[in-house]
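**Q** Given these sequences and hints, build the entire structure.
Residues 5 to 205 (this note's numbering) make up the sequence shown, in order.
Honestly, I wouldn't trust all of these hints.
Listed next, the in silico DSS-like pairs over lysine-lysine satisfying Cα-Cα at most 27 Å (straight line) [claimed, not checked]:
#	residue 1	residue 2
1	K118	K128
2	K172	K198
3	K128	K182
4	K118	K182
5	K168	K118
6	K182	K172
7	K198	K118
8	K198	K168
9	K118	K172
10	K168	K128
11	K128	K172
12	K182	K168
13	K182	K198
Label pairs and their in silico Cβ distance ranges [claimed, not checked]:
#	residue 1	residue 2	range
14	D204	G142	14 to 20 Å
15	I145	K198	19 to 25 Å
16	N167	I48	27 to 33 Å
17	M43	K128	17 to 23 Å
Worth flagging that the hints you see were computed from the coordinates, not collected in a lab.
Computed from a predicted model, the values in this text were never measured in an experiment.
Just so it is clear, CB atoms sit at the ideal spot from N, CA and C, and this is done for glycine as well.
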Amino acid sequence: MLHPVPRLKESPSQTAGPYVHIGMTPNFCDLPGVYAADMGSTMINGDVEGERITLNIRLIDGAGVPLSDGLIEIWQADASGSFVAPGSDSVPAFTGWGRQASNADGVTIFETIKPGRVAGPDGKPMAPHVSLWIVARGINIGLQTRLYFEDEAEANEGDFVLNKIMDKRRRQTLIARKEAGARYVLDIHLQGEKETVFFDI
Numbered sequence: 005m006l007h008p009v010p011r012l013k014e015s016p017s018q019t020a021g022p023y024v025h026i027g028m029t030p031n032f033c034d035l036p037g038v039y040a041a042d043m044g045s046t047m048i049n050g051d052v053e054g055e056r057i058t059l060n061i062r063l064i065d066g067a068g069v070p071l072s073d074g075l076i077e078i079w080q081a082d083a084s085g086s087f088v089a090p091g092s093d094s095v096p097a098f099t100g101w102g103r104q105a106s107n108a109d110g111v112t113i114f115e116t117i118k119p120g121r122v123a124g125p126d127g128k129p130m131a132p133h134v135s136l137w138i139v140a141r142g143i144n145i146g147l148q149t150r151l152y153f154e155d156e157a158e159a160n161e162g163d164f165v166l167n168k169i170m171d172k173r174r175r176q177t178l179i180a181r182k183e184a185g186a187r188y189v190l191d192i193h194l195q196g197e198k199e200t201v202f203f204d205i
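**A** As structure tokens, this is what we get:
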């Protein structure tokens with residue numbers, strides 16, 4: 005005989021801060037001995053095909069102040085458009101995943117490679133992009149967004165996800181500008197007039 009199972013209530017979410025750095029990036033916080041290196045701090049572990057790039061992503065709160073206690077995780081394809089997964093054609097020396105805490109200026113820095121194009125839900129290649137997950141004080145549930153590349157304008161025009169954003173001006177909140185030295189810079193505004201587009205996933 006089956007016993008009735010009571011319906012459980014969902015527990016409330018909590019913010020990630022203010023101690024997110026200590027728990028997820030102890031070496032960044034000068035707390036050695038927990039891990040040899042913070043998980044996700046290195047994405048390239050040897051020879052990897054593709055253009056090496058630096059992503060500078062700055063978190064800005066609703067008052068326009070850089071957020072010094074945030075954390076960003078990124079996930080991306082390798083240069084050929086493969087994600088790291090069992091049985092995939094991805095390169096073992098490239099993790100495809102990174103984690104960085106924001107510094108006093110609200111900046112996280114990722115040394116990675118420019119991702120290749122992957123198929124979208126419509127079967128067409130999406131523009132090269134990086135998926136971002138953001139947590140910080142005051143954020144109850146991690147925020148999901150993407151980073152696209154300014155110098156991939158043609159691919160961006162046909163991207164499945166970017167084209168779902170009806171206001172074309174808002175698409176610009178996801179596009180990182182290219183600077184010297186293969187460096188891409190993106191400001192993420194958590195709220196306000198310049199608020200970045202976030203996805204309900």
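**Q** A separate judgement is required for each hint: does it hold in the structure or not?
**A** For each hint, the structure was consulted:
1. Between K118 and K128, the direct Cα distance comes to roughly 19 Å. Compliance with the 27 Å bound is thereby established for this hinted pair.
2. With a C-alpha separation of about 13 Å, the suggested pair K172 and K198 falls inside the 27 Å cut-off, and the hint holds.
3. Only pairs whose Cα atoms come within 27 Å are accepted, and K128 paired with K182 is accepted, the gap being roughly 25 Å.
4. Using a Cα cut-off of 27 Å, the hinted pair K118 and K182 holds, with the two alpha carbons roughly 12 Å apart.
5. Straight-line distance between C-alpha atoms of K168 and K118 comes to about 23 Å, which keeps the hinted pair within the 27 Å bound.
6. A distance of roughly 20 Å separates the Cα atoms of K182 and K172; the hinted pair therefore holds under the 27 Å criterion.
7. For the hint linking K198 to K118, the alpha-carbon distance of about 26 Å falls within 27 Å, and the restraint holds.
8. Straight-line distance between C-alpha atoms of K198 and K168 comes to about 19 Å, which keeps the hinted pair within the 27 Å bound.
9. Among the hinted pairs, K118 with K172 is consistent with the structure: their alpha-carbon atoms are about 24 Å apart, no more than 27 Å.
10. Restraint check for K168 and K128: satisfied, since their Cα atoms lie roughly 14 Å apart, inside the 27 Å limit.
11. Restraint check for K128 and K172: satisfied, since their Cα atoms lie roughly 20 Å apart, inside the 27 Å limit.
12. Of the pairs offered as hints, the one joining K182 and K168 holds, with about 24 Å between alpha carbons and a cut-off of 27 Å not exceeded.
13. Restraint check for K182 and K198: satisfied, since their Cα atoms lie roughly 19 Å apart, inside the 27 Å limit.
14. At roughly 18 Å, the beta-carbon separation of D204 and G142 lies within the given 14 to 20 Å, and the hint holds.
15. The beta-carbon spacing between I145 and K198, approximately 21 Å, falls within the hinted interval of 19 to 25 Å.
16. A beta carbon spacing of about 31 Å between N167 and I48 agrees with the range 27 to 33 Å that was offered as a hint.
17. Taking the beta carbon of each, M43 and K128 are about 34 Å apart, not inside 17 to 23 Å as hinted.
This entry does not satisfy hint 17, going by the numbered hints stated previously; all others are met.
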